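A.B. asks: Listed below, chain by chain, are the residues.
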Amino acid sequence: MAILLIAEHDGKTLKSATHHAASAAARVGGELHVLVAGQSVGDVAAAAAKIAGVAKVLVADNAAYAHNLAENVAPLVAELAKDYSHVFAPATTAGKNLLPRVAALLDVMQISDIVAVEAADTFVRPIYAGNVLATVKSADPVKVVTVRTTAFDAAAETGSAAIEAVGAAHDAGLSRFVGAELTVSERPELASAKVIVSGGRALGSSEQFHGVLEPLADKLGAAVGASRAAVDAGYAPNDYQVGQTGKVVAPELYVAVGISGAIQHLAGMKDSKVIVAINKDEEAPIFQVADYGIVGDLFTVVPELVAELSK
Amino acid sequence: MKALVAVKRVVDYNVKVRAKADGSDVDIANVKMSMNPFDEIAVEEAVRLKEAGKVSEIVAVSLGVKGCEETLRTALAMGADRAVHVETDAPLEPLAVAKLLKAVVEREAPQLVIVGKQAIDDDANQTGQMLAALLGWPQGTFASKVEAADGALLVTREIDGGLENVELKLPALVTTDLRLNEPRFIKLPNIMAAKKKPLDKLSVEELGVDIAPRLTVLKVAEPAARKAGVKVANAAELVAKLKNEAKVL
Ligand SMILES: Cc1cc2nc3c(=O)[nH]c(=O)nc-3n(C[C@H](O)[C@H](O)[C@H](O)COP(=O)(O)OP(=O)(O)OC[C@H]3O[C@@H](n4cnc5c(N)ncnc54)[C@H](O)[C@@H]3O)c2cc1C
Ligand SMILES: Nc1ncnc2c1ncn2[C@@H]1O[C@H](COP(=O)(O)O)[C@@H](O)[C@H]1O
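Here the protein sequences come in this chain order: A and B. For the first sequence, our numbering begins at 1 and goes up steadily by one. For the second sequence, our numbering begins at 1 and goes up steadily by one.
Hints were generated in silico from the structure; no laboratory data involved. Do not take every clue at face value.
[What the hints assert, rightly or not] If you only want the chain A side, here are some residues facing chain B, beta carbon under 10 Å, derived:
id, residue
1, Leu80
2, Asn97
3, Leu98
4, Val115
5, Ala168
6, Ala172
7, Lys194
8, Ala267
These numbers come from a predicted model, not from an experiment. We treat Cβ as the ideally placed atom computed from N, Cα and C, and that holds for glycine.
Taking the hints into account, I'd like the entire structure generated from these sequences.
C.D. replies: Encoded structure:
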């Protein structure tokens, strides 16, 4: 039994989501191989070789894989999967885009967004916005699984796996990468941040969203997140959205500012270690999950907090 | 071009679903059901493409129990032209849904299929990608913008780092994200008109698809609830607690 893990990377650097998914795969047991598909991805492969527990890194280096188009990468993974009992990927937007396509090519049911491994064929996954956890057992010959990264610690970087080139090129000729508009930020990434400051509809405008939250995020060395309402209103970019249908985060400290705490938002942050809520409505549902709450106007409380942290 | 949209009947997003006492399943008896919110966005997008003259006909498809008819009527009231109901009481996993939709696509021959990125009950986020794979079509997942061009579709995708633009050859499949559009409010005359639009029935047998589940649900349980915290009076007290009690600063 061997497991194939799909590496998450941007062509230059390996993302820590891979390390989290690797430790989920380690719970299954068996030999772990990592696939790095891309173009000129030598550095990524070298980084993947360092993940503890990885026996081999497979590199599919080809222009067809340059932009991670699922139409091209899925046939490659499906072909390689014949030699594996499991295919794992982090439940990032890249993993979610690719893996169901692989599963369909293999005629198996994917198990999405697992938070625990019970046995080699049995996994726990949240459904209904995390209101319930389902334990599911797969009867398929290959288990195709995406991993909720916040549920598993990152594997260490103590390994030194062999690196091997694999795979013919699959250029399906169906799709073309045109361009990307990536959010540039000096801040830590939401997915891996130790502290997150998140803002909601109450921030009222993009200027206030950034003007009020950023000094606090600076003081805390935090990433900035947002509720759906704040993103929909254009106060923050889409990739800031925390929740059932956005990013799932679990930092040491999550500060929810002017966020009501709808179940869809809670689904994305209620596993944070410590939750702070600032809301002027003492009945706001966010207080039911907050360890510490301040009932008050965020436009006075947040600057006070910044001042207090500066002392 | 002809467009096909998939609409799933799900527990309304406002309902807080609970596990049954025996842990066998979720308890959804007598709860409010609605169209999956991402599928409303899918229907809306198809209707807008039709209004812009890019789409000629919209077929809405739903798979599942009798109640799906209601979901399909909603899609018709939003502006879909025809509805197809693949009626079955059997539980359907995304792979089975994808296979059934493939069979419907082969009958209807649309150039564009729009589905939601995720059903808010199973939170699977699979069906669209699976359907695209089975059809051998390109996929524009998590779309926040769709533009029909000559023989192609330009899709802006919401990804972890921001946005990505891809060009897809037609026929193509799109899965909707929240920012693609804001679904319209349905007016009463449209609800009346929807009652007269065609709603055809198909059976799983007719489509010749094996829908046997691959997964067995062993247990359904509610996660441990967080214990209620405390309210603090002001910023100074909060900082003190975070430092001395929670030790996160
Ligand atoms: C299919 C679907 C998917 C969804 N996915 C997500 C998701 O992934 N993430 C997500 O976040 N949401 C999601 N939602 C939306 C969710 O249901 C809520 O609508 C949303 O989270 C509300 O955002 P909010 O808390 O910022 O706004 P509101 O609910 O409007 O809350 C604003 C809060 O700010 C408080 N407030 C106002 N003024 C002040 C002030 N001056 N000082 C202090 N407090 C103030 C108010 O008391 C209120 O509690 C989804 C919904 C659907 C239907
Ligand atoms: N039973 C169904 N009937 C119609 N459409 C469905 C059904 N199940 C899933 N879909 C479509 O597939 C999308 C993604 O669902 P899922 O993969 O289950 O998260 C939904 O938003 C629907 O558009």
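A.B. asks: Tell me if the interface restraint on valine 115 of chain A is satisfied: Cβ within less than 10 Å of some Cβ in chain B.
C.D. replies: OK, holds: valine 115 of chain A within 10 Å of chain B, min 9 Å.
A.B. asks: Given asparagine 97 of chain A was flagged as interface, is its beta-carbon under 10 Å from a beta-carbon of chain B?
C.D. replies: Constraint on asparagine 97 of chain A satisfied, holds at 5 Å.
A.B. asks: Can leucine 98 of chain A be said to touch chain B, with a Cβ gap under 10 Å?
C.D. replies: 8 Å, holds
A.B. asks: Report holds or violated for the interface hint on alanine 267 of chain A, using the least CB-CB distance to chain B and a cut-off of 10 Å.
C.D. replies: 9 Å, holds
A.B. asks: Would the hint on leucine 80 of chain A stand, with a C-beta cut-off of 10 Å toward chain B?
C.D. replies: 16 Å, violated
A.B. asks: Interface hint check: alanine 172 of chain A, Cβ to nearest Cβ on chain B, cutoff 10 Å. Holds or violated?
C.D. replies: 8 Å, holds
A.B. asks: Can the hint on alanine 168 of chain A be confirmed by a CB-to-CB distance to chain B that is less than 10 Å?
C.D. replies: For alanine 168 of chain A, the interface hint is violated, since the closest Cβ of chain B sits about 18 Å away, which is over 10 Å.
A.B. asks: Holds or violated: the hint that lysine 194 of chain A contacts chain B, with Cβ atoms closer than 10 Å.
C.D. replies: It holds, given that the least Cβ distance between lysine 194 of chain A and chain B is near 8 Å, below 10 Å.
The earlier numbered hints that this structure contradicts are 1 and 5.
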